[in-house]
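Novice: Here the protein sequences come in this chain order: Z and C. Residue 225 in UniProt numbering sits at position 225 of the first sequence, with consecutive numbering throughout. Residue 110 in UniProt numbering sits at position 110 of the second sequence, with consecutive numbering throughout.
No copy is singled out in the list; a pair is fine if it fits within one copy or between any two copies.
No more than 20 Å apart at the CA atoms, straight line, and that leaves these computed lysine to any residue pairs for SDA-like: (1) Lys116 / Glu100; (2) Lys32 / Arg97; (3) Lys116 / Arg101; (4) Lys32 / Gly82; (5) Lys116 / Ala140; (6) Lys116 / Gly139; (7) Lys116 / Thr137; (8) Lys116 / Pro142; (9) Lys32 / Leu74.
Derived from the structure by calculation, the hints contain no laboratory data.
Number of protein chains: 2
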Amino acid sequence: MAVQALIFDVFGTLVDWRGSIARQLAPVFTAKGIGTDPAAFADAWRARYDPAMDPVREGLEAYRPLDDLHLENLRHTLLQFGLSDRFETAELDEMNRVWERLDPWEDVVPALTRLKRDYLIAPCSNGSIAMMARLATHGALPWDCVLGADIARSYKPDPEVYRAAVNALRLDAGEVVMVASHNGDLAAAAACGLKTAFVPRPGEHGPGQTSDLRAEGAWTWVAEDLVQLCDLLDGPAL
Amino acid sequence: MAVQALIFDVFGTLVDWRGSIARQLAPVFTAKGIGTDPAAFADAWRARYDPAMDPVREGLEAYRPLDDLHLENLRHTLLQFGLSDRFETAELDEMNRVWERLDPWEDVVPALTRLKRDYLIAPCSNGSIAMMARLATHGALPWDCVLGADIARSYKPDPEVYRAAVNALRLDAGEVVMVASHNGDLAAAAACGLKTAFVPRPGEHGPGQTSDLRAEGAWTWVAEDLVQLCDLLDGPAL
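The shape of chain Z in the complex, shown without the other chains (with noise of 0.2 Å):
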């Protein structure tokens, strides 16, 4: 079945979200004089990413947008380091808007504008429609739409979430490519019966990164980074 769309995971894949917390934190807790790492915040941040969309998951909560979710660990992130009294209400809003200002990998640009030529492109992130949008403005990244946790109200790797991707675009499964740098959500793509594409980004956990850093599935197209992707799906088809 020809290839009609390709799908992404956003947080890793496309955008450096370490980096650029890392980048966005340090002149702050410089000016309130506060001595943490940012990078080593981001980890922490991010750590408890995956066990707040736990519940969701499972059905024992209601779905939430991520950015919700996002505000809440930083709270806790904050506590954890010491650091609740530091930030008032309105600081701690502007500082989990740090995730709608990520920088996108070298190659994201490029390559997306290049596949948008022939597919129709989107992201399918744990992120909301507002923080894709926003994302998108940030880095110019030219979906054709917005697809994703929102409009499944749910999150990754539940497969509800590619279901209602490949749904809203009125494909069969076949015909759309997830593309992401994680093993498990190509897993769980491939087990919705979508098309699946790996690269690799060995630096989006910083320099200790063990997780990822090679193909784990028998993906459909394995590539170096998203431009040679483009140059694979350009090649014989399958």
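Following the hints, complete the assembly by docking chain C onto the known chain Z.
Specialist: For chain C alone, coordinates are given in the frame of chain Z:
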């Protein structure tokens, strides 16, 4: 409250559905020796649009994407013109896709491109995400995301559609402008607290148009076209 986003009606306000459908059906009818006026056929097809959505708006039927309603309406319209036996199922599916290839009015792309620099912009249409994404590809509409019927699972003027759009953007209603060439659409948006902007499209229904020729409510802005609306938004704050 400062404007953060503009959301747009699409059929009529941004794209010339009547002219585009007539232009696309003309060669199809000619090839089959069908003498029906394609513009009259477009009018008849579109006349079934609102009645088909009513059971969903009234909660009597589950939400289905507009693509499906258009296809049913096409079958009825062919019956009405005595043309039911002239098209195979695959031809009907292809004919139904004229709704993904509607041409924008000439002010639309320049105005959206300009608005996108300062605001989030999104369609808030009764069309599906798939239809809006493909229309954007066809007409080079530079959306930040796609809102509207699919994310609300209902049809305008159900207030839920405007509320779902505002919520998806994580804004207050007063930070969002509904832009339309239909007074009824704006009345429903205003009742939900959105700001409103009217642009007339006196050619939407062809030379005999009698409805929506001018603003019929106290809309926040009334402009001659979308480029003039950009100028008004750049002017002194209200």
